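Q: What follows is each chain in one-letter form.
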Amino acid sequence: MMVRDRLPTYALIALSVLIAFLLDIYPLAFEHRLLRPQFVLLVAIYWVFVLPQSTSITLLFGLGVLQDVVVGAALGQHALVLIVVSYLCLRSCRRVRHFARWQEALWVLCLVAVGQAISFWVQSLAGREMSGAQFLFPAIASASVWPLLSLTLDLVRRGYRIARQI
Amino acid sequence: MLLSLFTDVLDKPRSQLADFAKPLYQVADWPRRINEWRQQTFVSHGDLLQENQRLQTELLIHQRKLQQLASLSAENVRLRQLLNATELLEDDVLVAELIGVSPNPLSHTLILNRGAHDGVFTGQPVLDAKGLLGQVTEASPNSARVLLLTDPSHALPVQVNRNGVRSIAEGTGDLGVLRLRHVSNTTDIQEGDLLVSSGLGQRFPAGYPVAIVNRVNRDPGQPFADIYAKPMAQMDRARNVLLVFDSAQTER
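For the protein sequence lines, the chains are A and B, in the order given. To convert, note that position 32 of the first sequence is 96 in my numbering; the numbers rise steadily by one, no gaps. To convert, note that position 233 of the second sequence is 253 in my numbering; the numbers rise steadily by one, no gaps.
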């Protein structure tokens, strides 16, 4: 396999991550902030499901640190979330492959909930505590966006003839 | 890696890195810019005339106040000289534009388009037209991060404008609410009192309006009264903010 053949794959991954970043920091009113899906995490989950063989935890760590810098969180918070979630993805990707899209969405709900739990735990160390089950709202929002997001990315991916890895 | 929470070793590389985030925030700001441009460009003649008239009236009112201000400040200086007090110096300001807000629902932070190259420093107070907004927590070369007064991790020393009672106002995580800590039940604070910054923390300059007290609960069974105040600054709508250079701080 030539590097040149892989180029559209890399470009597509980079582009989707960039768009996810933009969606993640798009300014919203403070009240609606809780209902924002975690786009970067979702895109990362998507690509781990599609290309589990090429997934690099180091790269995900780098992406997480970048996310921390952009969002302004404690360095390592999103990196930890991305690593834990993508590890769970890697362990489960063969099973999830046979799921329908709505079942995938349910699994994504669990994954993002785990990620949110970690990230709010880190924030509670910094003294910003969240009351009740509010931390699950972003997970629910993410799960409801998942079918649309994976459908769009699937269409684009097939347009560039990038096959799923086994 | 989570030690960046408790130590400041990682603060420097992090503020250098934060400049990479600036273009992202600027791109995410485009829709708003386009909308603003649309509103400015496609506006009717009548609306412009009306606005012009309104602004002229406002200017007239402010100019009248300014006439008095000149004589009042002269009088103030004379009286201060009589008291042998130090003169109050004018603070320099730098106007910065907001380019983004933190996506985190728990933290109230803004991103500004000015950074250390423009002289912004960590701990610098930030104002808007109505009152105190927050302080700079991270000054990157070309952008800065501002922590708002209402962030749950923020607190600042304040003073009641009416009688000079001092207290500490802390953020609650709600954009429209500050809370006064450890105020005893017998303290003279009423609803409608204006809280101004007292300058005791050596970080905020004294005398800027901070909030207006809007709820006082005195429960005799509790050691302290529950006092809530509404910030004067428009936390969620300020577009242009002022970065204050306190004359004492620039000398240092």
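If you are wondering where the hints come from, they were derived from the structure by calculation, not from laboratory data. Quantities reported herein were computed from a predicted structural model and do not represent experimental measurements. Please note that a few of the clues may not be correct.
[Claimed, not checked] Label-pair restraints from in silico Cβ distances:
id, chain 1, residue 1, chain 2, residue 2, range
1, B, 75, A, 194, 41 to 49 Å
2, A, 148, B, 259, 37 to 45 Å
3, A, 163, B, 259, 44 to 52 Å
4, B, 89, A, 148, 53 to 61 Å
5, B, 63, A, 229, 30 to 38 Å
The beta-carbon is built from N, C-alpha and C at its ideal position, and this holds for glycine as well.
Q: Next step is simple, just say for each hint if it's right about the structure.
A: Okay, the hints, checked on the actual structure:
1. Separated by about 44 Å at the C-beta atoms, residue 75 of chain B and residue 194 of chain A satisfy the suggested range of 41 to 49 Å.
2. The hinted window of 37 to 45 Å between residue 148 of chain A and residue 259 of chain B holds, with their beta carbons roughly 38 Å apart.
3. About 46 Å separates the C-beta atoms of residue 163 of chain A and residue 259 of chain B, a value consistent with the hinted range of 44 to 52 Å.
4. In this structure the hint that residue 89 of chain B and residue 148 of chain A lie 53 to 61 Å apart at CB holds, the actual value being about 60 Å.
5. Between residue 63 of chain B and residue 229 of chain A the beta carbons are some 55 Å apart, a value that contradicts the proposed interval 30 to 38 Å.
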